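Protein chains in written order, with the working numbering: chain H, 1 to 247; chain Z, 248 to 325; chain D, 326 to 566.
Among the clues, some could well be false.
Residues from chain H shown here face chain D by an in silico Cβ test under 8 Å; the list is partial [as the list claims (entries may be wrong)]:
{"#": "1", "residue": "Leu138"}
{"#": "2", "residue": "Gly140"}
{"#": "3", "residue": "Gly141"}
{"#": "4", "residue": "Leu145"}
{"#": "5", "residue": "Ala148"}
{"#": "6", "residue": "Ser154"}
{"#": "7", "residue": "Ala158"}
{"#": "8", "residue": "Leu162"}
{"#": "9", "residue": "Val167"}
{"#": "10", "residue": "Ile173"}
{"#": "11", "residue": "Ser176"}
{"#": "12", "residue": "Val177"}
{"#": "13", "residue": "Thr235"}
{"#": "14", "residue": "Trp237"}
Just so you know, the hints here were simulated from the structure itself, not pulled from any lab data. Small disclaimer: the values here were computed from a predicted structure and weren't measured. Even glycine gets a Cβ: it sits at the ideal position worked out from N, Cα and C.
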Amino acid sequence: MWQWFHKLGSPKWFFGIANRLMPWLLAGGLIILAVGVVWGLAFAPKDYLQGNSYRIIFIHVPTAFLAQSVYIMMAVAAVVTLVWRMKLADVFVKAVAPVGLVLTFLALFTGAVWGKPTWGTWWIWDARLTSMLILLFLYGGVIALDRAINDEKSAARAVAVLVLVGVVNIPIIKYSVEWWNTLHQPATLKLTEKPSMSSEMLIPLLLSILGLYLLFGWLACIRMQTEILVREQRTKWVREMVMAGRN
Amino acid sequence: MAFDSFSAFLAMEGHGPYVWACYGAFVLLMATLMVWSLRRRKAAFDACRRGFEETRNTGRTAASGAQATFARVNVSQD
Amino acid sequence: MSADLRPEIKPVSAGVGTFAAMKAVFGRDLKVAFRQKQDLLNPLLFFVMVVSLFPLGVSPEVSFLREAGAGILWVAALLSVLLSLDHLFRHDFDDGSLEQLVLQPQPLFLLVLAKTLAHWMLTGLPLVVLTPVLGVMVHQEGNSIAVLCLTLLIGTPVLSLIGAIGAALTLGLRSAGVLLSLLIIPLYIPVLIFGTGTVAAAADGASVGAYVALMAAFLVLAVTLAPFAAAAALRISLSNG
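One chain only, chain H, in its complex shape (with noise of 0.2 Å):
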């Protein structure tokens, strides 16, 4: 067990087994994420009561779901970084946030283009996106707070030390905003009630979901890959690796 974590934590280990799944992350991916979508837009059948506009959420919940989730993973790896200072775990801390934030952006986006034809307006301050709002923000400051620390080793601990604080608030921010918005809004508007859900749409929605997971193990893998390369450049198995003409 421990000689397996131990192996786990050497970058060089993790280089080969990342080649070797990244082709099947990649195709598995794609492939999953194409049939859940082309099923979601094309076959599953209209909303009695939006219409085709929430066809929106075979890309939204996804994003949403994944934005959540990266956040919490990046909350796994500072610990892991803090207490047992694996490289690995901070290389997926600062390959992974950039990603984040993109899925997070997506998520707001296809909200915020949701909102419009369902309630007649492009942002409306409901809970759900302006907790999604925040976490962009937690995403922008991790993201800032390393870009701005030089030395590699310090910047991965200051790192850990936000993204930890960043996951204890997380509840109460959820919750703060959920009660702020019942206060506000008395009549909250509901973007889909989740329990009446048709199985013809829900399987379509978990493809999506398992293809974007599967999508975002790849780029995981491939910004984990380009971290360790710069961070071992003076290696020498980087140097057998790169002379050899391997990929």
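Given the coordinates of chain H, work out where chains Z and D should sit on it, guided by the hints.
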């Protein structure tokens, strides 16, 4: 199939612009992110290779100080 | 800065109790602050100015100010605390006394707590004292002003404590001030929501006990967790060199 024709599919009963704007933004941003990540990885690889070749070259020419300096200048202008 | 202005942190031997060390740190910060009175006044001036911008910029109507007044005061107080955070560790970092602090045998998070408490006494508390005057100027009623003061009294220490984490993380960086705001503002949102929400509930005539209890819970949570994070962040920033 939930639509009668391809044009009905594109129009989405008037909601087409919203739906397609969302999917367009999604595809555009994700594709940009993926291409950017791929290119950064390639750039990191090339930087490593250049660095190693540079040290090998300067190692070979290290016998003559003047030549070594010359080689370094050459590379830095590259 | 001359040695006269900034007394050194006296080396405290391991035999000295933790509480005595905390008191020494607290007393020193107050002493330093009172020798540079302008630094004490600046956040207060800023607070008053930001509040006066709203009637000028949005509307001087009584009805608008009555409705928005609590929010305006809260946002102004938040920004004013944010502005003062840069000073929390900066001077000590520049003259090296922060390293002395880290090397003390007493637990660092308690010393950080003492420093943060001193910071709150110097910025948060004066804001609370000033609030009734500004509350009258934005047409708040007596009851609202009392609740507003109470929420600021509980809320500003939370702002100082969370801010200490950000100040410690950005210590010694270029453009630390802007970065500090970027990191900290999202974390301030719950305090702001409940602070203004409590005043709104009081204005509606509802009982505020539950809201005040929730804000007190925030304070307890911040007192227990924030000093640890700030101490860890200080160690990281100092090892940065």
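Verification of the hints:
no., hint, result
1, Leu138, "holds (5 Å)"
2, Gly140, "holds (6 Å)"
3, Gly141, "holds (4 Å)"
4, Leu145, "holds (6 Å)"
5, Ala148, "holds (5 Å)"
6, Ser154, "holds (4 Å)"
7, Ala158, "holds (5 Å)"
8, Leu162, "holds (6 Å)"
9, Val167, "violated (11 Å)"
10, Ile173, "holds (6 Å)"
11, Ser176, "holds (4 Å)"
12, Val177, "holds (7 Å)"
13, Thr235, "violated (24 Å)"
14, Trp237, "violated (28 Å)"
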